[in-house]
Amino acid sequence: MAREKFQTLTEQMFYILLALQEERCGADVMALVAQITQNRVAIGPGTLYNLLEDFLAAGMIVQTKTEGRRRSYTLTQQGRDRLLMEKQRLERMLSDYRHMTAGTEKNQRDTAG
Amino acid sequence: MKRKFEFNLYAPFQYQDLQDHLEKMAGRGWELEKAGYRLFTYRAAPPATVRYAMAFRPEVGWMDQLPTQGQEIYADYCRDAGWELAATWSRFPQVQFYRSRKQYPVPLETDLTSRWRVTAQWMETRFVDPLRGDVAIGCFFAIFLAIVLTIFLAQEEFAPPLFAMCAAADVLMILLVLNQLVVLVDAQRWLQQAKRAAEEGSPGPGGRMSLPWKLTTGLLIAAGAATLAVYVTNATADFGFLAPVRIAGAVLVFYITLFAAFRFRDLLRKRGGSPHWKWIVFTLVATLLALLSVELWDWFTDF
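Order-wise, the sequence lines are chains A and B.
Numbering-wise (our numbering), the first sequence opens with residue 1 and increments by one.
Numbering-wise (our numbering), the second sequence opens with residue 114 and increments by one.
Please keep in mind that the hints were generated in silico from the structure rather than gathered at the bench.
Don't take every hint at face value.
[As the list claims (entries may be wrong)] Some residues of chain A that are not near chain B, with every Cβ distance over 10 angstroms (derived):
#1 Q35
#2 Q38
#3 L48
#4 G59
#5 T64
#6 R80
#7 D81
#8 R89
#9 L90
#10 R92
#11 L94
#12 S95
#13 R98
#14 Q108
#15 R109
#16 T111
[Claimed, not checked] No more than 20 angstroms apart at the CA atoms, straight line, and that leaves these computed lysine to any residue pairs for SDA-like:
#17 B/K115 to B/P160
#18 A/K5 to B/A161
#19 A/K65 to A/K5
#20 B/K308 to A/A102
Note that the Cβ used here is the ideal one computed from N, Cα and C, for glycine as well.
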């Protein structure tokens, strides 16, 4: 069965939505993501174009300004909700990790000490 | 400026082979200038390490005015990332070639799910769907001709020189059917793998020409050359040394009319207006050119 679109966000999707909390154009999104992730996450131009089109079609972002070929976008309420859901999912994962490794990490610290 | 022309045998989904080939050409001092229907044009440039990548935009129509607004925005993003547009493929206007002179540029696609979703969409709507119809029609005529030729050959209706030509043409038709089926199977398999990759976010299908593809294409070219050689030999034996010149003239006229049709389509793509009207105008002009080509072929080969 086909997986529901944007059920979980990839790194690129997450960072593009994160960057669009404020109005930005595509080039600014690419530069900002590289800056905040210290080049750990790179967004290719093709990926940026495809994902912006997908987010627009899904109503998660909206086009705010067009200057020549330069288009700016920002998150809609739906986009903000989706970003928040992803944050909660990541927090749950982190919490599960902490819960499952708490004993192991304590033992490792005791052994090292 | 020095230029080099090359007949391209790669399909767009054999993207790794294509990119490697273009990078090798850049290393030898030839950079891609134009991607025609089958003919690629290179211009001389200082030998350099250049990276090539292909972009697939399934939303671009066959007769849309090029570049489309989406292609322009896409090219702007690419320029910001250090990629310059090298050429738009005339055969598939949805496919563009980008190049970067950086040693390690950010790839055009960094998200596997979106990459394979878009590429699979292009492959399905712009390549496999039209291919199915083309292969069905092409195979129908090739099989029909092969059956007719085999029946005549079995009845020993022809004298030896004509027999050899019909036998070569018969083999050519059988290989044509085989080659088209290999093309369809390869494309269909690639599409399924691309769809799965879009679902799973996995690396996706490779972009290499398969061994059956290489074999059948090689055999097809050899059979085509053999059929033509037998035809030219027979014509020379019967009608003298002017016959090969006239056959060469007929082939040249055929390719000139084909080239004129593709050039006309490229001109239509540069203009605005309704794609439906452009299709109608193109079909009319292509039909006229085809009729002219048949007439000229008859005139040239009427020994």
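TODO: Output the numbers, in ascending order, of every earlier hint that fails for this structure.
DONE: Hint check: 3, 18, 19 and 20 fail, others pass.
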